[in-house]
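Peer 1: Residue strings, one per chain:
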Amino acid sequence: MFNTNLFIPRAAIIENVQNLTYDTRLYRLRFKNKSKGNSSAENDYRPGQFVQVSVLGAGEAPISICSSPSQKGCFELCVRDVGLVTRALASLKKGDELGIRGPYGNSFPIEELHGRDFIFIAGGIGLAPLRSAINYVVDNKNDYGRVTILYGARTKEDIVFASELDKWSRQDKLDVFTTIDHPQDGWTGNVGVVTTLIDKIKNQSKVKAFVCGPPIMIHFTIKELLDAGWAQQDIITTLERHMKCGVGKCGHCYIGGKYVCTDGPVFTYAQINEMAVEV
Amino acid sequence: MAGGNNPVRTSAEMVKRKYQHKLVQQIDEFGTSGCVGCGRCNLACVGNVNWLENIIKIERAG
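Going down the list, the protein sequences come from chains A and B.
If you're matching positions, the first sequence starts at 62 in our numbering and goes up one per residue.
If you're matching positions, the second sequence starts at 1225 in our numbering and goes up one per residue.
Keep in mind that the hints were calculated from the coordinates and are not lab data.
Source: prediction; values computed, not measured.
One or more hints might be untrue.
Just some of the chain A residues that point at chain B, by a computed CB distance under 7 Å [unchecked claim]:
hint, residue
1, Val143
2, Pro275
3, Pro276
The calculated lysine to any residue pairs, modelled on SDA-like cross-linking and capped at a C-alpha distance of 25 Å, are [what the hints assert, rightly or not]:
hint, chain 1, residue 1, chain 2, residue 2
4, B, Lys1281, B, Thr1256
5, A, Lys310, B, Cys1269
6, A, Lys305, B, Glu1237
7, B, Lys1240, B, Asn1278
8, A, Lys319, B, Cys1269
Each residue gets a CB set at the ideal place from its N, CA and C atoms; glycine is no exception.
With these hints in hand, go ahead and build the complete structure from the sequences.
Peer 2: So, in structure tokens, the structure goes:
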């Protein structure tokens, strides 16, 4: 755990801010003070976990860690301006301080699945939490099989991690397919919503598929995967809810008998059905 | 939230969530309702349903 006390944030310094799109930024963070006692270092988390980020005077927001734990000395958060806290975050720059509580939540089930292939399907900013898993697999590529990434954004200006998508596409054992919703000048790639790319993976219905993105994209992607023969426990997605404590006590994120902050945010579609939650 | 999700987008959903949190979820979790008897439900109710008394009745029955 990054912070020793359950409810007191640990100070982190912004090492770098990179603009990914007009409303989304990538923050690289390291802790202000060295770890001591039972507080851990920056890479002590698993892909899929999130932190509660606190900005003094604004509040806290749960943000998924978008870097892989194989990267030491820092961790990265991808933040879009959508509310009070994220907009306050937007005014912070390199050298500024913020608070971190975490890492919270469960993780994507990949570490133990050695030798297996994976499919990552992301819509818009949904690529951020999946990037943690993707880079983990890339950094440990000898332990895993083929990886297929399907990514869809509304326009080419909305594509996050463009340079990384490019870097991934040039790795072996990794196939990347990108699409934008409508034709645009300067775009020669696929056109159509991300579900139109599912054709490329039709023959991989036994491979675990990780789906992240806006609710409507998750809904239609899961529907298409099920129609194409995927089993409910092989479709993995994340649920999000408003959160407060992040540690399974306050009940704000409680849904379907589970706490999204501790039993999730990663769930299989089989679990989501059991919880009787609509995705 | 970042992907455009808002589980309580309308005030109807917010109210539903408030009651579910106290009267459904906390019963699932702790076996007792989260109602503390403040009576604001009665103040707000335009239909004179007498929420408070009914919540207490249901809790005592279960």
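Peer 1: Taking the hints in turn, state whether each one holds.
Peer 2: To see whether the hints hold, each was checked on the structure:
1. Val143: Interface hint status for A/Val143: holds (6 Å vs cutoff 7 Å).
2. Pro275: holds, 4 Å
3. Pro276: Cβ of A/Pro276 sits 5 Å from chain B, so the hint holds.
4. B/Lys1281 x B/Thr1256: OK: B/Lys1281 and B/Thr1256 at ~13 Å, within 25 Å.
5. A/Lys310 x B/Cys1269: Roughly 29 Å separates the two Cα atoms, so the pair is violated.
6. A/Lys305 x B/Glu1237: holds, 18 Å
7. B/Lys1240 x B/Asn1278: holds, 17 Å
8. A/Lys319 x B/Cys1269: Violated, because 30 Å separates the two Cα atoms, which is more than 25 Å.
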